[in-house]
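K.L.:
Residues per chain, in single letters:
There are 2 protein chains.
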Amino acid sequence: MRASAPAHITGFFAARPDPDPRLAGSVGGGLNLDLSAATTVSRSEETAVLLNGVVSEAPVTRRVVDTLAPSPVRVETELSMPLGSGFGASGAGALSSAYAINGAFGLGLTANAVGEAAHVAEVASGTGLGDVLAQNTGGLVVRLSPGAPGLGVVDRIPVPPLEVELLVRGPLSTKEVLSDAGTMRGVNREGERALRELLKRPTLERFVTLSWEFARRAGLARGWMEDAVEAVESRGGMASMVMLGDAIFALNGGDALAEFGDVIRARVSLGGASLE
Amino acid sequence: MRASAPAHITGFFAARPDPDPRLAGSVGGGLNLDLSAATTVSRSEETAVLLNGVVSEAPVTRRVVDTLAPSPVRVETELSMPLGSGFGASGAGALSSAYAINGAFGLGLTANAVGEAAHVAEVASGTGLGDVLAQNTGGLVVRLSPGAPGLGVVDRIPVPPLEVELLVRGPLSTKEVLSDAGTMRGVNREGERALRELLKRPTLERFVTLSWEFARRAGLARGWMEDAVEAVESRGGMASMVMLGDAIFALNGGDALAEFGDVIRARVSLGGASLE
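Chains as they are written, first to last, in UniProt numbering: chain A, 1 to 276; chain B, 1 to 276.
No lab work stands behind these hints: they were computed from the structure.
Be a bit skeptical, because a hint or two may be false.
One copy or two, either will do: identical chains are not told apart, so a pair holds if it fits within one copy or between any two.
To be verified - Derived lysine to any residue pairs resembling SDA-like cross-links, with alpha carbons at most 20 Å apart:
1) K175 <-> P21
2) K175 <-> G186
3) K175 <-> R222
4) K200 <-> G108
5) K175 <-> G219
6) K200 <-> A113
7) K200 <-> T40
8) K200 <-> A104
9) K200 <-> G106
Please take these sequences and the hints and turn them into a complete structure.
P.N.:
Structural data, given as structure tokens:
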């Protein structure tokens, strides 16, 4: 049984903690991209999780397996997105695994129920707060209230499957940022503000503009990003930071990003996670 | 500006009326199919709606235009689904028009807001109750509570983009069935029952089985459908009636349906309505 889930890059967010991991999460806005996690699940003698062909701890996916699989499984996930750079790889791996396990064992779970298993695993592991909710939806997702799919509330800003340019300098620890109380105060204040502003006029352009305002006001943007965003804007494009990676996403930036490193091109994924 | 919306066939349903058309609708289950309505909207001197190249009254789409478009538009919808046979053509035309108008005028409406305009137009026209909510979602949609996108509540049963066989004998008036009090009492009782049963074990197989039980118990199934479903089942497949058309949908029926007429093949559309 095979399933896939899209990459998800967050433009801005505010954490909304809750003692119940099903209700905990974040609000904000982000784009699903066709850089997918594709997972094949087969029954096996012993449980093993492979990431890109290598046996891995994959703690988030492992939690999903422990929650859902009634007997040992071999879980093989192929990731076509960068790891540890804000692309929601852990959420996509866990979510595609949950769909595939549901199918392989005929568990009879709905999309919201498999999504909940992946969301809870992600929140409990401290690797993410809102990716799974967005990845279960697809498109340019506005997360209006936090929580697992079916509990958290989303809307979408209509966009075509447009091309997004991405430049990744390196990883950034989500856990470290999320656990710094000082940083998070600024993040939450600015994230809630960006959400309110976006809802006044929910368009793609406002999403990118507000994301970049958020990155700077919350003190997350780095020096090279200022230069990169400026370069993209000088070609008539728009850009902002990928939360939370040492990475930039851009629209219509032409070749501007190429001066700063290798550019990855992807398209907005309008569908969310699904069986293949 | 161009947008599309999938066809949607309902397997079972129960009407849930409400004086507020945003809250009125139906609960039930249905499949989105890749037989789409694709709509191109351009500003114009005079408003006109064309269906498959022919100027048409298209009352549902016309209501959407009157609600959303700030100045005259030319709306050209190409339908690749049968008309008046339970494929949600009016909802798909209205929904794709709403997305395209939003894009053409930069209205800054979210997916739920454009969906609401299409849902309200459909309910006010009496042509459907739940198609728009499902078409805005994609996949095998369970409508848990009625209303426009963002107000009605849905979940999905995970399915791959599987092939569905369809046989259409002729149209059936949705309006006529929905306005017959006696018929609707049976429909609503059986539809609510099918929903409760499906939620106990939400799988594709249960969806088809419960749909066919609904069609017979509610007194909507016709004689030829009994024969057609039996023929499909004898080949190891499953089938049920398309609500509300003189039509059948089947899974894995082999050539069984071909004895009853021309078979249309489609795939489940996992994505909902979107800009193209």
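K.L.:
Each hint needs a verdict: does it hold in this structure or not?
P.N.:
Cross-check of the supplied hints:
1. Within a single copy, K175 and P21 get their C-alpha atoms as close as 16 Å, which meets the 20 Å cut-off; across copies the closest is 45 Å, which misses it.
2. Proximity of K175 and G186 under a CA criterion of 20 Å is satisfied intra-copy only: 16 Å inside one chain copy versus 55 Å between copies.
3. For the identical chains of this complex, K175 and R222 are intra-copy neighbours only, at 18 Å inside a copy versus 60 Å across copies, given an alpha-carbon limit of 20 Å.
4. In the homo-oligomer, the alpha carbons of K200 and G108 lie at most 20 Å apart only across protomers (9 Å), although the nearest pairing inside one protomer, at 39 Å, exceeds that limit.
5. Taking CA atoms no more than 20 Å apart as the test, K175 paired with G219 passes inside one copy only; the shortest distance there is 17 Å, against 58 Å between copies.
6. When the C-alpha separation of K200 and A113 is checked against a cutoff of 20 Å, the pair qualifies only between copies, where the shortest distance is 13 Å, while the shortest distance within a copy is 32 Å.
7. Neither within a single protomer nor between protomers do K200 and T40 lie at most 20 Å apart by alpha-carbon distance, with minima of 42 Å and 27 Å respectively.
8. In this assembly of identical chains, the alpha carbons of K200 and A104 lie at most 20 Å apart only when taken from different copies (19 Å versus 44 Å within one copy).
9. In the homo-oligomer, the alpha carbons of K200 and G106 lie at most 20 Å apart only across protomers (14 Å), although the nearest pairing inside one protomer, at 43 Å, exceeds that limit.
The structure is inconsistent with hint 7 alone, although it conforms to all the rest.
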